[in-house]
Every structure is written in C-alpha cells, then in structure tokens.
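Starting from the known structure of chain A, fit chain B onto it as the hints suggest.
Residue numbers (the UniProt record's numbering), protein chains in the order written: chain A, 1 to 373; chain B, 1 to 373.
It is possible that some hints are incorrect.
Note that the list lumps identical chains together, so a pair holds whenever it fits in one copy or between two copies.
[Claimed, not checked] No more than 35 angstroms apart at the CA atoms, straight line, and that leaves these computed lysine-lysine pairs for DSBU-like:
#1 Lys168 with Lys294
#2 Lys110 with Lys294
#3 Lys110 with Lys207
#4 Lys298 with Lys266
#5 Lys294 with Lys213
#6 Lys110 with Lys341
Simulated from the structure, these hints should not be mistaken for lab results.
Protein chains: 2
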Amino acid sequence: MATGSDLTDTGAAAGQGPGVVLSVDAMGGDRGPAAVVAGLARAAAAHPDVSFILHGDEAALAPLVGRRRALAGRCTIRHAPRVVTMEDRPSQVMRHGEGTSMWSCIESVKQGEATVAVSCGNTGALMAVSMIRLRKLPGVNRPAIACLWPSRNPTGFNVMLDVGADIKAEAPDLLQYATMGASYARNGLGLARPRVGLLNVGTEEHKGRAELKEANEMLAAGAEAGNFSYHGFVEGGDIPGDRVDVIVTDGFTGNIALKTGEGTAKLISDFLREAFNATFLSKIAALLALTSLKRLQKRIDPRRVNGGVFLGLNGTVVKSHGAADATGVAAAIRLAYLLAKSGFQDRLAARVASAGAAGQDAAGLGALNGNLE
Amino acid sequence: MATGSDLTDTGAAAGQGPGVVLSVDAMGGDRGPAAVVAGLARAAAAHPDVSFILHGDEAALAPLVGRRRALAGRCTIRHAPRVVTMEDRPSQVMRHGEGTSMWSCIESVKQGEATVAVSCGNTGALMAVSMIRLRKLPGVNRPAIACLWPSRNPTGFNVMLDVGADIKAEAPDLLQYATMGASYARNGLGLARPRVGLLNVGTEEHKGRAELKEANEMLAAGAEAGNFSYHGFVEGGDIPGDRVDVIVTDGFTGNIALKTGEGTAKLISDFLREAFNATFLSKIAALLALTSLKRLQKRIDPRRVNGGVFLGLNGTVVKSHGAADATGVAAAIRLAYLLAKSGFQDRLAARVASAGAAGQDAAGLGALNGNLE
Chain A
1 MATGSDLTDT GAAAGQGPGV VLSVDAMGGD RGPAAVVAGL ARAAAAHPDV
51 SFILHGDEAA LAPLVGRRRA LAGRCTIRHA PRVVTMEDRP SQVMRHGEGT
101 SMWSCIESVK QGEATVAVSC GNTGALMAVS MIRLRKLPGV NRPAIACLWP
151 SRNPTGFNVM LDVGADIKAE APDLLQYATM GASYARNGLG LARPRVGLLN
201 VGTEEHKGRA ELKEANEMLA AGAEAGNFSY HGFVEGGDIP GDRVDVIVTD
251 GFTGNIALKT GEGTAKLISD FLREAFNATF LSKIAALLAL TSLKRLQKRI
301 DPRRVNGGVF LGLNGTVVKS HGAADATGVA AAIRLAYLLA KSGFQDRLAA
351 RVASAGAAGQ DAAGLGALNG NLE
Chain B
1 MATGSDLTDT GAAAGQGPGV VLSVDAMGGD RGPAAVVAGL ARAAAAHPDV
51 SFILHGDEAA LAPLVGRRRA LAGRCTIRHA PRVVTMEDRP SQVMRHGEGT
101 SMWSCIESVK QGEATVAVSC GNTGALMAVS MIRLRKLPGV NRPAIACLWP
151 SRNPTGFNVM LDVGADIKAE APDLLQYATM GASYARNGLG LARPRVGLLN
201 VGTEEHKGRA ELKEANEMLA AGAEAGNFSY HGFVEGGDIP GDRVDVIVTD
251 GFTGNIALKT GEGTAKLISD FLREAFNATF LSKIAALLAL TSLKRLQKRI
301 DPRRVNGGVF LGLNGTVVKS HGAADATGVA AAIRLAYLLA KSGFQDRLAA
351 RVASAGAAGQ DAAGLGALNG NLE
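The following block holds chain A by itself, in its conformation from the complex (with noise of 0.2 angstroms):
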C-alpha cells in the first residue's frame, strides 16, 4: 500500500526543466484577448522562466503581444482561425471544435509542448475537447474541476471539487475526488496531510442520500491509500471553515455551493459599498478605513482564487473564469505556473494508481473475508 508522501521522483515531467511552459488559449473569455494578454504580461514579469504558447486569432494577438515587453522572446503565438463562444454546446464542439483555439490549446498539452493548459473559455466545451484529446488518466471514472475557496485555515483557502464537471457522482466517484483533491492540497496548498470532508447536510452518519453514506465508508477506508486524513461529514457552513482542507461534493452541489457563495460575497461587497457611500461622514470613515478595506477585499477577492483545476485527466487544465480581467488571468496563470513546477500531474497520476491498487487489494482482501465469514 502506498502511504509515502507525493514528492517521489519527477525528475522527468516537462515542468522540471530548464523552465515551464504554459499553453494559453487567448480567445473566448467575455474580456477578450487583450484581457489574457495583460494578465500574460503580468504573469511573465512574476516568474523569469516561464514561457507561453498563445493560441488565437494571430492577426489580432500580434500586436498585443509586440506592445508587451515582458513578453518579448517568451510567447510563441500559434494561429488558431476559429473560437469557442459561451453560448456554444460542448458536444459540437467536441465533434466539431477542430480550429479553434481551445483545441489547440488543448492539443499542445497533449503533445508535449507545454505542461499546463489554461483558458477562459465555456466551462462545458473545454472539459469536453479535455476529455476528448487529453483522456482520463488509467483508473479515473469521472474527472473533477476543483476550486480554491476563501476559508479560515491558515493557508486561507480550501479546496473543492466537484464544482461542475459532471453533475453526477457514485460512492466510488467520491472516494476518487478525495484522493484527487488531497493531491492538489498537498501540490497546490502545501499541505502535508490534508484533512477531508464529505458534503452533506448533516454531520450524523445516518443523514443524507445513500450514495454519500456508502462514499462516507470508502472515504474512511482509503484515507490512507489517499495519504488524507477523514473527517466524515462535513455541511455547507464548512467549505469556509477550518473543519477541514478539501470538500468533497458531486459536481451539481459543488456548482451551485460554488455560485451562492460568488453570489454571497457580491451581494456582501455591493451593500457594503453602499454603507459607505450612505453619509459624508461615512465617505470619510471609508477614506480613513481604505487600507483596512483593501485588507479586506484581498482576502475575499474571487479575482484571486481564479482557476478551476480539471483533475483526472492526462494532462493538466486550469479553467479561468470567464469575466477575469488581467488580475484574474494573472491568478490563473500563477496556479499553472505552480502547478507546472510542481510536477503536479505525475504525482496526482502516480497516487491515483497507487490508491487504485490499495483499493484493489483491500477489495480482495474484503472478498477473501466474506469467504471466510
């Protein structure tokens, strides 16, 4: 059974050389392409040895790449005449999506050429030409996106998955997603043992739909397979908490935990914005309160979680928000880029398998007990 750490030998992935390469769809976010180029910029600036292939429109990306000097040498743009817009349904573009640029963005992950794919495009068509050309890694039923969630913890932020992928998940599916989520905690938050929760909307073991009490017992016995620490059930007031690191939920809950809490924090900001503005004395008070207030905002930004993970894939995918603006695609950009050094996706493949292969073993070991009984 492996129950090591994830920082075994990956000496090999592409995110170990000299430098990282991201591949960068520039079309199909709701700012456009100068938006993804700005963010680029940014990125490059941060992090010397990270490079990107750019995938669009070439005659419009040209010139937004030539104005940015951080980006001089370190943007290959790759001409793309075709874009995925929101309104477009993932299975045509699964079947149809030759040309566009998430294609190819997609493609130069599949190929080798870059390490992590990242793009601001429809949710649904990227997790499908993902699925299509990237494939689920060996022993992967359902793929999971996963996203960073302001909470309580000391690193300040909890993962969850599934936030959409699929809007279905068995028992099985569950045991997976906590596997898969521990792996991104420990890559992406640093955190040797992640404790894990289970969503539901109660802490008994007798409460809930009897999918999630039957994943509440394989969670429990693959924690350690997983390298993750089990805490049962946890409710929603627990995706900011500090109960635990990673929430684990199908992917219709997960969206929509994911939308009310976006939701929540908006309505929060809007009608705090509007106190502030109520009075002359209360402009002054937001004058006097400006550094605290931006205190406030950096923790609770959206901006700055910005990437959903695909997990589950060969290869991985961050999907950035659609509205992002330079700031947000910068935010993403940094996920890959950590993601990418990392060497993430081997680790997440090697512990996938390895979990696999204890739940193999504990399955015949459950089997050679029933025959014992």
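Then chain B, alone, in the frame of chain A:
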C-alpha cells in the same frame, strides 16, 4: 381554473379573530428558555393583539414569564416534562415524543387553540412531529421548509424552498414547492405575482438532471394555476439576486446552499471586523462609519430572517434557528404573527387544492389531446 389572487375570504381562520394566538416551544433551543421568553416579551410589546401558549418546564418558565411585564395576562404556560434535544433522532421523537414541549407545542395547533407553532428545536424532529400530528395537506406529497434570503429585490428578501424537509424531490414535488413558495411570497412578502425560478447548474434548457428538465416543463405549465410567473432555470448566484422572488430546489441542494450562504456571510463579517480592528486608524474609521456599518449589518443579519416555515401541512410551523437569541426569537415570532394574521394557512390550502385540480384538468386535457392526435 383558479387564477385569482389568494385574497379570498378567510374570516373563519383562527388568526382573523380579535387576537392572534401563537404556540411556542420554550425548550430545545441552544440558549434555553430565557432567550425564548425574552423574545416573546419583545414581540408582545410590538404586537398588542398577540398572545402565547408557552410549552415547557413550568417551574423554569413561571419565574421567567413573571418577570416580563409585557407578557402579563398574555402568556399561558402549558407544562411539558420532557425536552427534545438536538441529538435526538427524528424517528425516535416521532414514536416516543409525547410529553415533550415540542410535541405539546404542535398539539396546540392541531387542537385549534393556536394558529401557528414556533420552535427553536431540532429541525428533523420538529418536522417529524409536525408530519405525524398535523398530517400533510390533501394533495401534498412532500412538505417543504421555506426560508427567506437577503436579496437585491425591493422587499430585501427572496424565498427559497425546500431547505431541508426532505433530501429528495421529484418533478411533481418541485411544482408543489413552486405553488406553495409563491403563496408564501404573496402572503409573507406582499408580492402579487411572484417570479419563480428552478435552481440548476446553468440556465440553458438542456442542462441538469432529468427530473429538473421534467420539472421545468411542469412549472411552465403550472404557473397560471399557481398564480406565479415562471422564469425557468436559475443558478446559485440568483439566490441573493433580483431575477426571481422564489427559488425552488430539493431539500438536499437547498440545505447546502443555505448553509454555504450563511457560512460565507459569517466569514466576510468576521474578516470585516478583523480589518477594522487592525490599526488605530481603522478603529477610528469604524467609529465614524458606525451608522453605515450597522445599516449593513441589519441588511445581512441572519437573525432578521430567522424562521424557516414548514409548508404543506394542516397547520403552519415556524422553525427558528437553534442558536437564536432574543432578537432571533422575536423575528421568528413576528413572522408567525404575520402569517397568522394574514390567514396564510387557509390561503395556502386553497391554492394547493385549486392547483391540484387544475393539474388534473390539464392532465385530463392532455389525455384528450393524446386521443385526438
């Protein structure tokens, strides 16, 4: 087909007499009976025509009530020797709950002594006791718990249901939730024709689970009979938004969304407090902005919207938050008072009955069309 408003003659309802009688469970909340009695006193001062039947340990309650002048002559204590705890299983309470303050509280509504019941106790147990004593309204398959959610709408609130009565809901249940939630929004928020949305992971018609696609069609067809305007699918971000007034979902998803929203709001308000305590300057700023911050706090204070309402039973039950203090209890009592005063229970029953009849008509018509085709 019934398309009129809910403002039918309900003169016979208990709440339309000279005064409103509410049945209140004094025990089972996290802060004990003192918080409940303090909340009653506030509500009694605000509403001169309300009186209470208070259920619980008489020896503990008598001195608490005796000390509150506002309650003099307006609060009958009904002794109940036992208390339902937060740890008790609903199934146990359902079988062996007689003699508890919760059981006694529901009994007063069943016997017609009081119009609405209020309890801070164990939600699952309260629903179980309510189900077994009050029984479901004719035609209702799954009762639901509706909550109010701070929103961008002019009323300041949206209605969401189910937030935890049942972890499952089929398409016809979701249609009933829409009908009941719209009736609640008319009577609780004063909206003539509430806009209803069905919670999903996207707004496109092809998205989501099979039962949601089916429910989407049923809600569109049932909008007229239910006297609501159907908006189609909405996302998590619309729960605090202004696109719809009523958000319909199953109790699993609704409960997780509710707790995620509460947890997120709590996280931000704690971060805000920390931000204002960070420096000397920020503390002065907080003092200057006190009125504005209080206004903000009031808009998002969960105690103001304290009270989930059980819909679909032969009697109205308000579930106050377990941790409610006097302010929270007073808010739950106020809600119960408003619903009693408006004759809500009879209106809801009439609406469910007429929507059910319209549904049968439509089904009959469908069968007829089927024959003609």
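Okay, the hints, checked on the actual structure:
Within a single copy, Lys168 and Lys294 get their C-alpha atoms no closer than 39 angstroms, and across copies no closer than 42 angstroms, so neither meets the 35 angstroms cut-off. Taking the shortest alpha-carbon separations for Lys110 and Lys294, neither the intra-copy value of 41 angstroms nor the inter-copy value of 54 angstroms comes in at or below 35 angstroms. Only between protomers do Lys110 and Lys207 lie at most 35 angstroms apart by alpha-carbon distance; the minimum there is 29 angstroms, versus 43 angstroms within a single protomer. Proximity of Lys298 to Lys266 under the C-alpha cut-off of 35 angstroms is found in both arrangements, the shortest distances being 13 angstroms within a copy and 17 angstroms between copies.
When the C-alpha separation of Lys294 and Lys213 is checked against a cutoff of 35 angstroms, the pair qualifies neither within a copy, at 43 angstroms, nor between copies, at 43 angstroms. In this assembly of identical chains, the alpha carbons of Lys110 and Lys341 lie at most 35 angstroms apart only when taken from the same copy (18 angstroms versus 66 angstroms across copies).
Comparing the model with each numbered hint stated earlier shows that hints 1, 2 and 5 do not hold.
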